[in-house]
Amino acid sequence: PKGIVRDNGGHMVALKWTMENEFGVKPGEVFWAASDVGWVVGHSYIVYGPLLHGCTSILFEGKPVGTPDAGTYWRVIAGHGVVALFTAPTAFRAGLGLLPVKYGSPGVPMPGYDIRVLDDGGHEVKRGTLGNVVVKLPLPAGCLPTLWNADQRFRQAYLDEFPGFYKTADAGMVDEDGYLYVMARTDDIINVAG
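By the count of the working numbering, the sequence shown reaches residue 293 at its end, each step adding exactly one.
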């Protein structure tokens, strides 16, 4: 959705929590978010998250390939003692082999997100069954509380269809091991990047 309201307190709580619980970083260690500082991930994990958690943060201008070569990232990691790296998959494809994954799945839900799959009537379906991907309310810290100047539109688009759940507008399933598979969108989309 466009015009997401991001509450500062919830955003900071989520960033602080993820530094230790998602990235496994301790205060005093070096963290590197290899992202563009102009994007929400960039300023969130280059500046706010590491500093809130008492970490040193790497600020890097460049890409994982061609600046000047594919080994650049790994030299920065080795030279600065980076203990955790947040980056795009391109960086890993530039030098690492395949990692164990469940193809087609982005993974299991992050802690705090109670992901469910519902049929069109709002009833939970069995594992492995395609349906509407939703998040059980309340949403965890850092999630959008509403849309800017459009609270009613937010409620109609994301909360009304499945009471007690946030509608992601994704169709998908969760397998027997808890891995989510997103198969399609259930709403209109606009392709802005090609």
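Wrong hints could be hidden among the right ones.
Stated by the list, open to error - Pairwise CB distance ranges, derived in the manner of DEER restraints: (1) His179 / Met111: 40 to 48 Å; (2) Val281 / Pro126: 28 to 36 Å; (3) Asp219 / Val136: 38 to 46 Å; (4) His179 / Ala256: 40 to 48 Å.
Don't read these hints as lab results, they were simulated from the structure. Please read these numbers as outputs of a predicted model, since none were measured by experiment. Even glycine gets a Cβ: it sits at the ideal position worked out from N, Cα and C.
Tell me the numbers of any earlier hints that the structure contravenes, in ascending order. 1
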